[in-house]
Amino acid sequence: MSNNVNDWLNDHGDYLYRFALARLKDTHQAEDAVQETMLAAIKNNSFEGDSSIRTWLTGILKHKIIDMQRKLIREQPVSDIIDLDASDESMDDFFDKTGHWLDKPQSFDMPDHALEQSQFLSVLDACMQKLPKKLKVIFMLRDVHEMENENICKELDITPTNAWVMLYRARMGLRKCLEMNWVKG
Amino acid sequence: MLTCKQASQLISQSLDHPLSWYELMQLRLHLMMCGACNRFRKQLNVLRVGLRKIRANVENDSAIQLPLDAKARIVEKVRSDQHAK
Ligand SMILES: [Zn+2]
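Chains as they are written, first to last, in my numbering: chain A, 1 to 185; chain V, 1001 to 1085.
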């Protein structure tokens, strides 16, 4: 059986590692995720010939990465990672009393040119790291791990309204951060 | 008539669940005459595409490889796990 694991790692280990690293941004966690994937794959050899082995393993890895997020969430006090006060009123920084934009959104686009693009992406990445923790957790689950909204609500034990308000605020902050650090007025 | 605040909320929500027919109509009407909210919608799209691109760049970077010692640790872990049973 561990011959399988050897083959899998030889053929797909680098890819799985990169896939995990792209989402976890930490080499130790990425190694853990690949290890958990191998353990699960060998335990429950549910591979069916109609998908490629890489697709099958990547599917397991996706679940393992979300499991790891779950564990991280459970280890923290709820009040640290969820903003239950998030409401309509907390958007007063962006709109006046009649609901008009205080600062109209500026247009920006992802540059095509490789060097400029990588600068743009590093600004985006830095902006994401700067999100308040109470918004970052849910934002990562939704827009990085692309978890379904329904599952996020279950996981964090929040209502769909809480979820969309927090996501709205996170995205609002993120695009503002890009305006300030990329568009530079 | 939606305010920009309401329109921007619907734009964000549309990324998470399908809007109702009525919400969609109201939003379309607003977007037909509001440049600011159109730019906001475009900003959120750029965010999405950018985040995917960040991940894709790592996924496709063949210079990043599973370190040999990590590989050895994983193989060893699987082996010992199987012996434990
Ligand atoms: Zn508007």
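Be aware that a few hints might be false.
To be verified - Straight line, CA to CA, 25 angstroms or less: simulated PhoX-like cross-link-like pairs of lysine-lysine:
{"hint": "1", "chain 1": "A", "residue 1": "Lys176", "chain 2": "A", "residue 2": "Lys97"}
{"hint": "2", "chain 1": "A", "residue 1": "Lys43", "chain 2": "V", "residue 2": "Lys1005"}
{"hint": "3", "chain 1": "A", "residue 1": "Lys71", "chain 2": "A", "residue 2": "Lys134"}
{"hint": "4", "chain 1": "A", "residue 1": "Lys43", "chain 2": "A", "residue 2": "Lys97"}
{"hint": "5", "chain 1": "A", "residue 1": "Lys104", "chain 2": "V", "residue 2": "Lys1077"}
{"hint": "6", "chain 1": "V", "residue 1": "Lys1053", "chain 2": "A", "residue 2": "Lys97"}
{"hint": "7", "chain 1": "V", "residue 1": "Lys1005", "chain 2": "A", "residue 2": "Lys25"}
{"hint": "8", "chain 1": "A", "residue 1": "Lys97", "chain 2": "A", "residue 2": "Lys71"}
By construction, these hints were calculated from the structure, which means they are not laboratory data. Keep in mind that this is a model prediction, so the values were computed, not measured.
Practice task
Take a quick look at whether Lys43(A) and Lys97(A) sit within 25 angstroms of each other, Cα to Cα.
Solution key: Not OK: Lys43(A) and Lys97(A) at ~59 angstroms, beyond 25 angstroms, violated.
Practice task
Verify the proposed pairing of Lys104(A) with Lys1077(V), using a straight-line Cα cut of 25 angstroms.
Solution key: violated, 55 angstroms
Practice task
Quickly compare the C-alpha distance for Lys1005(V) and Lys25(A) to 25 angstroms and report which way the hint goes.
Solution key: Judged against 25 angstroms, a Cα distance of about 34 angstroms means the pair is violated.
Problem - Holds or violated: Lys1053(V) to Lys97(A), with C-alpha atoms at most 25 angstroms apart - result: violated, 37 angstroms
Practice task
Compare the distance between the alpha carbons of Lys43(A) and Lys1005(V) with 25 angstroms, and conclude whether the hinted pair is satisfied.
Solution key: Distance of about 51 angstroms is beyond 25 angstroms: violated.
Practice task
Take a quick look at whether Lys97(A) and Lys71(A) sit within 25 angstroms of each other, Cα to Cα.
Solution key: The given pair, whose Cα atoms are some 41 angstroms apart, is violated under the 25 angstroms limit.
Practice task
Given the hint that Lys71(A) pairs with Lys134(A), test it: the Cα-Cα distance must not exceed 25 angstroms.
Solution key: Between Lys71(A) and Lys134(A) the Cα gap is close to 17 angstroms, so the pair holds against 25 angstroms.
Practice task
Decide if the proposed pair is consistent with the structure: Lys176(A) and Lys97(A), CA atoms, cutoff 25 angstroms inclusive.
Solution key: This hinted pair holds, its Cα atoms lying about 20 angstroms apart.
In this structure, the earlier hints numbered 2, 4, 5, 6, 7 and 8 are contradicted, and the remaining ones agree with it.
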